[in-house]
Amino acid sequence: MNKRRLVAAVSVAALASTMAACGSASSNSGGDDGGDDAPIKIALIPPTSGALAQFGTDATQAWKTAVRLANEAGGVDGREVELIVKETDTDPATTLRAAREAVTQDGAQFIGAVMTSPENAALNAQLESLNAMSFNALGKDDALVGEQCSPYAVHVVQTSSMDINALAESISEMPGEKWAIQAVDYSTGHSAAETFKAAAEEAGKEIVLEQYAPLDTTDFGSYISKLKNSDADAVFAVEYGADGIAFVQQADQFNLDQQLDTVLGFNMVSEPLFETLGDTIVGYYNNVGYDVNADNELNKEFVEAYTEDHGSAPYYVPADNFLAAETLFAGIEEAGSTDPAEVSEALRGLTFDSIVGEVTVREDDMQVLRDSYLGKVAKGDGGLEFEIVANASADVTTPEADPACQL
Amino acid sequence: MNTAQLLNGVALGSLLMVLSSGLAMIYGLRGVANFAHGALYMSGAYIAYSVSDRVSFWAALVVVPLALAVLGVVLELVFFRPLQHRSHIELGLITFGLALMAERIVVLIWGERTLRVTPPEFLQGTASFLGVDYPAYRLAIIVIALLIAAALVLWLRYTDVGLHIRASSQDIETAAIMGIDVDRVSLIVVAVGAALAGLAGALAAPYIALDPGMGNAYLITILIVVVVGGIGSIGGAMVAGMGLGIIQTVATVWSPSFAVIVPYLALTVVLLWRPTGLAGKRVS
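Taken in sequence, the protein lines are chains D and U. Under this note's numbering, the final residue of the first sequence carries the number 407; numbering is consecutive throughout. Under this note's numbering, the final residue of the second sequence carries the number 284; numbering is consecutive throughout.
There's no promise every hint is true.
From chain U, some residues computed to sit far from chain D (all C-beta separations above 10 Å) [claimed, not checked]:
id, residue
1, L83
2, I109
3, L147
4, T159
5, I177
6, I208
7, V262
8, T276
What the simulated footprint calls covered on chain D by chain U, stretch by stretch (three residues with Cβ under 8 Å from a Cβ of chain U suffice, anywhere in the stretch; the number is not a length) [to be verified]:
id, segment
9, 52 to 62
10, 99 to 113
11, 253 to 267
12, 349 to 357
These aren't lab readings, by the way, just hints derived from the structure by calculation. The structure presented is a predicted model; accordingly, all values stated were derived computationally and were not measured. We put the CB at the ideal spot given by N, CA and C, even for glycine.
Start from the sequences and build out the full structure, keeping to the hints where you can.
This is the structure:
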């Protein structure tokens with residue numbers, strides 16, 4: 001009897017410890033250096049359905065170009081870079097699930113291409129426990145470098161405040177005294193509207209109307225009718241993707257432009273939409289985060305490589321994602337390791353050369369400090385293009401680090 | 001509450017009216033909650049995009065209903081007829097699956113990007129109507145939709161086929177016993193229903209940007225319209241469609257986030273008050 005029990009107990013103990021070892025081995029491979037030659041694994045979690053699907057595809061393509069160039073140059077810190085492409089529908093719960101899968105099952109240590117601010121906020125909170133870093137090149141909400149910040153989350157793209165401040169610098173350069181605000185009803189729409197209101201009022205402008213439309217609104221008739229009835233001679237519009245197209249198209253049908261001196265888009269009118277929107281948007285202003293014609297070596301190399309890989313010139317979404325890749329690689333080289341904790345440490349305060357010039361990762365909140373521009377849509381030789389009207393550098397546009405951010 | 005907002009409501013209502021009358025016909029006669037109706041609408045819009053790109057928008061208005069009628073025939077012969085003795089839920093699920101497939105097929109053919117259709121030259125810009133500068137194209141939609149509705153009602157009321165359809169919708173077994181060729185009637189109904197959905201899509205194309213999710217956006221709304229209007233009643237669906245369009249637009253003026261709930265609120269209220277719907281004659 002005793003012998004049997006002993007054998008049973010020992011087998012159970014052996015089984016249990018084997019399973020524990022397997023379990024911890026798989027979570028460890030997500031954590032530290034899996035050996036000197038192990039590839040660097042980056043998981044991408046772009047949206048593949050809904051209004052933002054096209055941006056998801058373009059973000060992924062930029063990462064692919066970045067990885068190709070890096071691998072052709074011998075890898076990063078001597079290692080090969082590998083991409084793991086997941087998908088999501090922009091619901092933060094789905095994205096978190098994909099992130100956990102990528103880290104625990106696929107062994108990814110770095111995450112990119114997460115699109116919306118709510119997704120990034122949800123992900124930031126989990127990064128330390130996942131032991132993975134996220135490179136946010138798309139979600140612009142200020143809170144991501146405020147109370148939702150994380151030492152493991154680098155904010156590569158400009159925040160809404162930086163963009164607005166860049167616009168604020170040049171509000172006086174755009175005609176229009178009575179502004180109406182038409183924004184999408186989620187975090188970025190509201191924070192953009194807030195900042196714009198403050199800046200406009202400081203510049204002596206009047207806000208005559210403020211309205212918010214739910215995401216995925218298809219019929220803007222009621223909103224446009226209200227705009228027409230208001231006294232507005234300028235509109236600040238924050239509508240993305242399909243919503244933005246529907247809004248511009250319907251505004252055109254209502255002849256809204258007739259009573260307006262300025263239509264200022266905030267991340268609404270961008271290069272991939274030029275063909276769809278057509279000549280309707282000539283004269284529209286929009287913030288521009290990336291100047292495709294920027295005259296520096298790294299940018300020219302990027303534009304050439306991206307165009308070769310994907311058939312068209314890059315715009316801000318692929319450019320910011322390429323910059324995210326550059327930031328990650330710079331961090332790995334500086335740290336001499338791929339351990340997320342060490343890369344995070346190395347990135348804080350790091351200055352390096354990139355496609356948008358020399359940039360610095362601010363150590364207080366992990367925000368990448370870079371220039372922003374105001375562009376006007378003009379007819380060029382090859383179709384529509386952005387004419388850069390004003391340029392604002394990071395020290396002008398970037399607010400002080402938010403004390404709510406505790407790294 | 002001004003004229004422009006009212007017209008916005010009527011424009012939306014017109015679209016819902018055309019879309020839901022097709023669904024009401026299919027639901028009324030075949031008893032199938034056609035979850036693929038949104039997909040038919042979307043297909044109509046995308047086909048209209050391609051045709052108006054190559055030929056003209058007017059050609060699209062002719063080609064789309066014909067193409068969709070063919071799709072309707074396929075739907076009837078391949079799915080509805082062979083499975084007509086199965087439970088309605090099973091058929092509903094099949095149409096749901098078809099809708100999912102259709103969305104992916106559309107993405108394969110036309111891509112994920114949002115597309116835009118420009119209305120014909122003379123319908124661009126605004127026209128003066130009732131003292132208001134209102135988009136000419138939306139006015140055209142209202143006119144066309146009202147004409148279609150009138151034609152549909154006249155067809156159902158004054159032709160033999162219409163009589164057979166009404167009879168079969170009321171009681172399909174008795175109609176068969178009375179000598180009506182129920183199979184032929186069903187075929188016509190599904191084909192016409194699908195054609196109407198496609199036509200609504202073609203009309204909506206210059207009004208709303210095209211994207212693969214556009215069918216889903218309206219599917220629930222028109223299912224609600226059909227139930228509110230009364231199962232089996234096409235006239236009821238039309239009235240409910242127009243009414244809901246106006247109410248929802250007015251609600252958007254007042255509070256956009258609340259306006260999203262309006263259809264569901266309407267559904268709850270009507271079902272509590274009159275479970276057969278506004279004009280329903282039987283409880284299926």
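Does the no-contact call for T159 of chain U survive, Cβ to all of chain D over 10 Å? About 35 Å separates T159 of chain U from the closest Cβ of chain D, which puts it past 10 Å; holds.
Claimed clearance of chain D by L83 of chain U, with the beta carbon kept past 10 Å: L83 of chain U clear of chain D: closest Cβ-Cβ about 29 Å, beyond 10 Å.
Counting residues of the segment 253 to 267 of chain D with a beta carbon closer than 8 Å to any beta carbon of chain U, are there 3 or more? Since three or more residues must qualify, the claim that chain U covers the segment 253 to 267 of chain D holds, with 3 doing so at under 8 Å.
Could you let me know if the closest chain D CB is still more than 10 Å away from the CB of L147 of chain U? Given that every Cβ of chain D is farther than 10 Å from that of L147 of chain U, nearest at about 21 Å, it holds.
Is the nearest CB of chain D more than 10 Å from the CB of I208 of chain U? 5 Å, violated
Establish whether the coverage given for the segment 52 to 62 of chain D by chain U is satisfied; the threshold is a Cβ-Cβ distance below 8 Å, and no fewer than three residues must meet it. It holds: at least three residues are needed, and the segment 52 to 62 of chain D offers 3 whose Cβ sits within less than 8 Å of chain U.
Coverage of the segment 99 to 113 of chain D by chain U, judged on three or more residues with CB within 8 Å: Three-residue rule not met by the segment 99 to 113 of chain D, so violated; n is 0.
Take a quick look at I177 of chain U and tell me if its Cβ sits farther than 10 Å from every Cβ on chain D, holds or violated. 46 Å, holds
Three residues or more, CB to CB closer than 8 Å: is that satisfied between the segment 349 to 357 of chain D and chain U? violated (count 0)
Assertion that T276 of chain U lies farther than 10 Å from chain D (Cβ): Answer for T276 of chain U: holds, closest chain D Cβ roughly 30 Å.
Whether I109 of chain U stays farther than 10 Å from all C-beta atoms of chain D, as the label says: I109 of chain U clear of chain D: closest Cβ-Cβ about 15 Å, beyond 10 Å.
A cut-off of 10 Å on Cβ-Cβ distance, and V262 of chain U was said to be off the interface with chain D. Does that hold? 12 Å, holds
The structure fails to meet hints 6, 10 and 12 from the earlier list, while all remaining hints are met.
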